[in-house]
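Residue numbers (the working numbering), protein chains in the order written: chain A, 1 to 226; chain B, 1 to 102.
Quick caveat, the hints were computed from the structure, so don't treat them as lab data. By construction, the Cβ of each residue, glycine as well, lies at the ideal position given by its N, Cα and C atoms. One or more of the hints may lead you astray.
What the hints assert, rightly or not - Using C-beta positions, here's what the derived DEER-type ranges look like:
| no. | chain 1 | residue 1 | chain 2 | residue 2 | range |
| --- | --- | --- | --- | --- | --- |
| 1 | B | ASP66 | A | ALA158 | 34 to 40 Å |
| 2 | B | LEU87 | A | ASP126 | 41 to 47 Å |
| 3 | A | GLU190 | B | ARG82 | 20 to 26 Å |
| 4 | B | ARG29 | A | LEU154 | 42 to 48 Å |
Stated by the list, open to error - Some, not all, of what chain A presents toward chain B, calculated at C-beta under 7 Å:
| no. | residue |
| --- | --- |
| 5 | GLY59 |
| 6 | SER60 |
| 7 | SER65 |
| 8 | VAL94 |
| 9 | SER99 |
| 10 | ARG107 |
| 11 | ASP168 |
| 12 | PHE174 |
| 13 | GLN181 |
| 14 | VAL201 |
| 15 | LEU202 |
| 16 | PRO211 |
| 17 | VAL212 |
| 18 | ALA218 |
To be verified - A short list of chain A residues far from chain B (calculated; beta carbon distances all over 10 Å):
| no. | residue |
| --- | --- |
| 19 | GLU12 |
| 20 | PHE14 |
| 21 | VAL37 |
| 22 | GLU41 |
| 23 | ILE75 |
| 24 | THR78 |
| 25 | ILE83 |
| 26 | ALA139 |
| 27 | VAL143 |
| 28 | ALA146 |
| 29 | GLY147 |
| 30 | LEU151 |
| 31 | ALA158 |
| 32 | LEU159 |
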Amino acid sequence: VTDPAAPRAGDETFRDGLRLAWPLFLPTAISGAAFGVFAREAGWGTVAPIVASMVIFGGSAQFASASVLGSGGSIVSTVVAAILVHGRFLAMGVAISPSLRGGRWRRALESQAIVDASMALANRGDGSFSRTRLLGATATQYVAWAGGTVLGSLAGDALGDVETLGIDAVFPAFFLGLLVQELRDRRAVETALLGAALALVLLPLTPPGIPVIAGSAAALLGLRRR
Amino acid sequence: MTRVWVTIALVAFAGVVIKGVGALILGRRELPERALGVVALFAPALLAALVVFQTFGATGGGFALDARAAGVAAAGVALALRVPLLLALLLAAGVAAGIRAV
Chain A
1 VTDPAAPRAG DETFRDGLRL AWPLFLPTAI SGAAFGVFAR EAGWGTVAPI
51 VASMVIFGGS AQFASASVLG SGGSIVSTVV AAILVHGRFL AMGVAISPSL
101 RGGRWRRALE SQAIVDASMA LANRGDGSFS RTRLLGATAT QYVAWAGGTV
151 LGSLAGDALG DVETLGIDAV FPAFFLGLLV QELRDRRAVE TALLGAALAL
201 VLLPLTPPGI PVIAGSAAAL LGLRRR
Chain B
1 MTRVWVTIAL VAFAGVVIKG VGALILGRRE LPERALGVVA LFAPALLAAL
51 VVFQTFGATG GGFALDARAA GVAAAGVALA LRVPLLLALL LAAGVAAGIR
101 AV
């Protein structure tokens with residue numbers, strides 16, 4: 001039995017990307033709305049949260065910015081916090097660059113489509129990525145995130161509360177579903193276990209962002225010879 | 001309010017640079033053979049770390065054990081039983097919401 005929500009070998013088009021990210025549409029929109037409400041309550045007004053979602057397009061960096069600024073933190077500490085939670089995209093940019101098209105500037109532009117779920121959905125498992133699947137999966141999430149923020153900024157919690165609806169459990173469950181499909185061989189299982197362990201150990205000890213960067217570094221197990 | 005706009009601009013700029021710098025440096029070059037082994041394992045490593053972070057990460061940093069963990073565990077069992085992903089996600093939300101409603 002094949003799962004229609006799971007990426008398959010032939011799924012190479014932009015439309016496939018759009019479809020694969022579809023389970024995240026509503027949860028992402030509700031979370032975007034939650035950011036709109038959160039930022040407005042932190043004194044951002046209605047326009048700034050929408051612009052933030054359109055130009056930053058990263059939930060953890062945006063919530064970090066609003067809460068650090070809101071609690072009286074400096075701009076510098078806010079930007080540093082955001083850089084930490086975005087840090088993992090640096091490694092992703094290197095990893096995906098050979099799978100993109102054109103010269104360096106075109107590739108840097110296409111790299112802007114990098115987000116966690118899209119990277120995982122675009123992954124072919126052989127060291128390459130599907131460029132069209134990445135772009136499609138990101139388009140779905142971008143519309144949901146920015147659109148949700150517009151709703152949240154203008155209409156408040158019209159879509160419902162993230163915690164009451166259990167939406168915050170949907171994202172880790174989605175990533176777990178993608179992870180299960182990645183566990184093709186023993187190396188992948190070992191890598192996942194090491195990544196989870198590193199993240200778990202560092203979670204209570206380090207600022208947000210570091211546990212995920214350190215956990216991702218478990219991929220360095222790939223340097224071992226087969 | 002100026003502080004907010006300056007922060008949005010700087011965070012957005014940092015994000016664009018972080019995501020694009022790899023492509024700017026590499027250009028049309030391929031990654032060396034050994035790096036491909038690392039890239040191939042990047043998804044399982046990242047996904048495992050994200051599952052842990054988003055299940056147990058507290059708002060503002062640190063560790064928290066709450067209804068999310070039960071929701072994710074329920075989804076994990078469902079996925080192990082080959083339940084379709086969308087149903088597993090609904091189950092995760094339902095369990096977490098149910099625990100909070102009690």
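Here is how each hint holds up against the structure:
1. ASP66/B <-> ALA158/A: 34 to 40 Å: Given range 34 to 40 Å: violated, Cβ gap about 25 Å.
2. LEU87/B <-> ASP126/A: 41 to 47 Å: violated, 30 Å
3. GLU190/A <-> ARG82/B: 20 to 26 Å: Check passed, 23 Å falls within 20 to 26 Å.
4. ARG29/B <-> LEU154/A: 42 to 48 Å: Distance hint for ARG29/B, LEU154/A holds at roughly 46 Å.
5. GLY59: violated, 10 Å
6. SER60: violated, 9 Å
7. SER65: For SER65/A, the interface hint holds, since the closest Cβ of chain B sits about 6 Å away, which is under 7 Å.
8. VAL94: Constraint on VAL94/A satisfied, holds at 4 Å.
9. SER99: violated, 9 Å
10. ARG107: At 4 Å from the nearest chain B Cβ, ARG107/A passes the 7 Å test, so the hint holds.
11. ASP168: holds, 6 Å
12. PHE174: Given a least distance of 6 Å, the restraint on PHE174/A holds.
13. GLN181: Violated, about 9 Å.
14. VAL201: Hint on VAL201/A: violated, closest Cβ of chain B at ~10 Å, above 7 Å.
15. LEU202: violated, 9 Å
16. PRO211: holds, 5 Å
17. VAL212: Nearest chain B Cβ about 5 Å off; hint holds.
18. ALA218: Holds - the Cβ of ALA218/A comes within 7 Å of chain B, reaching about 4 Å at its closest.
19. GLU12: Non-interface label on GLU12/A holds, nearest chain B Cβ at 17 Å vs cutoff 10 Å.
20. PHE14: Since the minimum Cβ distance to chain B is about 19 Å, PHE14/A lies beyond 10 Å and the statement holds.
21. VAL37: It holds; VAL37/A is separated from chain B by about 14 Å at its closest Cβ, greater than 10 Å.
22. GLU41: Given a closest Cβ separation of 13 Å, the condition holds.
23. ILE75: At about 5 Å from chain B, ILE75/A fails to clear the 10 Å cut-off, so the statement is violated.
24. THR78: violated, 5 Å
25. ILE83: Not fine: 5 Å to the nearest Cβ puts ILE83/A too close to chain B.
26. ALA139: For ALA139/A, whose nearest Cβ neighbour in chain B is about 16 Å away, the distance exceeds 10 Å, so it holds.
27. VAL143: holds, 18 Å
28. ALA146: holds, 13 Å
29. GLY147: The claim holds: GLY147/A sits with its nearest Cβ about 18 Å from chain B, beyond 10 Å.
30. LEU151: holds, 19 Å
31. ALA158: holds, 18 Å
32. LEU159: holds, 13 Å
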